[in-house]
Amino acid sequence: MYLEQNGGYIMCGIVGWSNLKNNIRDYSNIMDKMINTLKLRGPDSAGLKVYDHALIGHRRLAIVDPTGGLQPMTKKVGNREYTICYNGELYNTEEVRADLLDKGYTFDYYGDTEVLLTSYIEYGKNCVDHINGIFAFGIWDEYNQELFLCRDPLGIKPLFYSYKDGNLIFASEMKTLLRHPSVDSVVDKDGLLELMSLGPARSLGGGIFRDIKEVPPAFYLTFNEKGITLNEYWKLEVREHEDDLDKTKSYVRDLLVDIIENQLVSDVPVCTFLSGGLDSSIISKVAFYKLKENNMETLNTFSIDYKDNDRYFKKDIFQPNSDSDYVGIMVDFLGSNHHNVVLDNVELAHALDDATIAADLPGMADIDSSLYLFAKEVRKHATVALSGECADEVFGGYTWFTREYNSIEIFPWADSIEYRKNILRNDLKSLPIEDYTKGLCRDSINKIPKLSGESHDDRIMRELSYLNIKYQMITLINRKDRMTMSNSLEGRVPFADKRLVQYAFNLPKDIKLLHGREKGLLREAVRGLVPDSIIDRKKSPYPKTHNPKYTKEVSSMLRLIIEDKTSPIHQIVDYDFVSRLIDTGGASFERPWYGQLMTGPQVIAYLIQLNNWMKFYDVKLDM
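With the working numbering applied, the sequence shown corresponds to residues 1 to 623, in that order.
Bear in mind the hints are in silico, worked out from the structure with no lab data behind them.
Hints may contain errors.
Taking CB as the label site, the calculated pair distances span [what the hints assert, rightly or not]: (1) THR74 / GLY328: 47 to 57 Å; (2) GLU225 / THR298: 55 to 65 Å; (3) TYR123 / ASP310: 51 to 61 Å; (4) SER430 / GLY528: 48 to 58 Å; (5) ASN294 / LYS429: 53 to 63 Å; (6) TYR109 / SER430: 54 to 64 Å; (7) GLN571 / ASP536: 47 to 57 Å; (8) GLN571 / GLN145: 36 to 46 Å; (9) THR402 / ARG591: 12 to 22 Å; (10) ASN294 / ARG499: 16 to 26 Å; (11) ASP310 / THR402: 22 to 32 Å; (12) ASP308 / GLU94: 43 to 53 Å.
Where a beta carbon is used, it is the ideal one built from N, C-alpha and C, also for glycine.
Could you build the full structure based on these sequences and the hints that come with them?
Here is the structure:
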């Protein structure tokens, strides 16, 4: 055991199917095919529970209690029977267990699956008020003939569903749903609009495919004879920040350390991703010394680079410096067992297909495929990896947090939105891409309660934080989950903790951006924990390749696609525009497609993903 277990991690894939009118007991062969699509999420074991009106499936990646807690798990209380499939972790397992023991319940396993199921048996839908953690789960109540689905407050764990022809089907991934005969890979006008407006992000609850939706973060779904009901059970609270600066710094530091230490719990090897940036360095420092304190083996840290990247790296506003020097500083500081994973640029290009299948959608181009290959290499050494995603969204790490706004009219990472339609065929250029994106942004901001007496700058900061938490952060969380779990590697993101997110949400601008810097408060809260050179380093985003060999390879790949008149991408894109894009190595696309990183070569790679996604998933456009 790497650290003493205080709950139980069940990382895996979940799947289920309920039809309340028809007996589906004899359709386990369909469920077997669906369960099999989740094998990479859960390579260690598989299970299926069969009822007349519900089939519940599970694939497990054993992290804590490898020999116990197999799923689906069934528990009987009197004449009532309940079955759960669960992916996640409860932070307050022992607290909930003690409460339930006081109420007369008994337990057969020490992990958190049975605690979660028993909490539902006792509290029903209100179990969400008693649990704290990251999770996606489904519970079938055989007595009441009701299915309950629930997703954690920040959307760390994925949960998709489809409701069609009386069938409610749910799963961790879209590809699983698409193996059900009632779910088709149709993308209608609304789906294409969302894909071209927001991609690689999605609207809350959106699934691009017409037949697929996602349970939004902080929602639960019930399915019974009355139909489907979605309920939001948690919201970010708007309140005045009352702590002074010293107390704020102390609280953030102490809470963050506690979160990181709790996420080290595992019966299998744990490591950290180390970029040399502030966020991953904090995590690596806390992890290193916690393992050392418990007389465990030296922490393994991993960084990512690209072949010959040092020859071609060029500073810009988004990437002011490369990672390698700062990685070296942290490795020397810690004494960790470090692994520098250097990716081949041609292999990076051809891994776009693997990344697309992992995500079930075109994603963040080589930013996805690099993480996919990186996770594949890390998995040779560890089963659990902690990384620094979400700190930028929570503590104001992006350049757009430091801009001046009269009002926020569009998502700050959507700079290219009016330019995107240039890539579309003439008959699709009328898609209201800009209006849709602005409308979604406006509707999201309108959901934020106003705080009486709040300054303009503080209101804007809260709005920016909200948009980043609800969209940008979830996009990165989804990416991390799909690329790691497709390699049977559990990726954990300590900065995406409900308590930390809620506290930071109400920080005034002058505290969050202390000293006028992005992540200013976080920097000062952890000063002394890691070297000053790391703390004072200007933010640099996830590293990407600058090697022209990559651009040449993806350009060649896209040219083959576009010259083939049978390629499905012709249903969407303008041939002449894409040809110019290839000829210029992406330079003709004047702004990043998304955020800070998806510039010209990444746009080329994105179009490769778009075409091959349409091909692999037999996408049928219904305009």
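Distance restraint evaluation - GLN571, ASP536, Cβ atoms, bounds 47 to 57 Å = 50 Å Cβ-Cβ, so the 47 to 57 Å window holds.
query = Per the hint of 53 to 63 Å, is the separation of the Cβ atoms of ASN294 and LYS429 within bounds?
reply = holds, 60 Å
inquiry  = Range first: 51 to 61 Å. Now tell me if the beta carbons of TYR123 and ASP310 are that far apart.
reply    = 56 Å Cβ-Cβ, so the 51 to 61 Å window holds.
task = Note whether the CB distance of THR402 and ARG591 lies within 12 to 22 Å or breaks it.
result = Given range 12 to 22 Å: holds, Cβ gap about 19 Å.
inquiry  = A range of 22 to 32 Å was offered for this pair. Does it hold for the Cβ distance of ASP310 and THR402?
reply    = holds, 29 Å
message = Quick check on a hinted range of 54 to 64 Å for TYR109 and SER430, using CB atoms only.
response = At roughly 57 Å between Cβ atoms, SER430 and TYR109 fall inside 54 to 64 Å, so the hint holds.
ask   = Cβ-Cβ distance between ASN294 and ARG499: within 16 to 26 Å?
value = This hint holds: roughly 24 Å between Cβ atoms.
ask   = So does THR74 sit 47 to 57 Å from GLY328, Cβ to Cβ?
value = Given range 47 to 57 Å: holds, Cβ gap about 52 Å.
inquiry  = Quick check: does the Cβ-Cβ distance between SER430 and GLY528 fall within 48 to 58 Å?
reply    = Given about 57 Å between the Cβ atoms, the range holds.
query = Has the hinted range 36 to 46 Å been met by the Cβ atoms of GLN571 and GLN145?
reply = holds, 43 Å
ask   = Regarding GLU225 and THR298, is the given constraint of 55 to 65 Å on their beta-carbon distance met?
value = 57 Å Cβ-Cβ, so the 55 to 65 Å window holds.
request  = Check the following: the C-beta atoms of ASP308 and GLU94 are separated by a distance inside 43 to 53 Å.
outcome  = holds, 51 Å
Against the hints set out earlier in the document, no violation occurs for any number.
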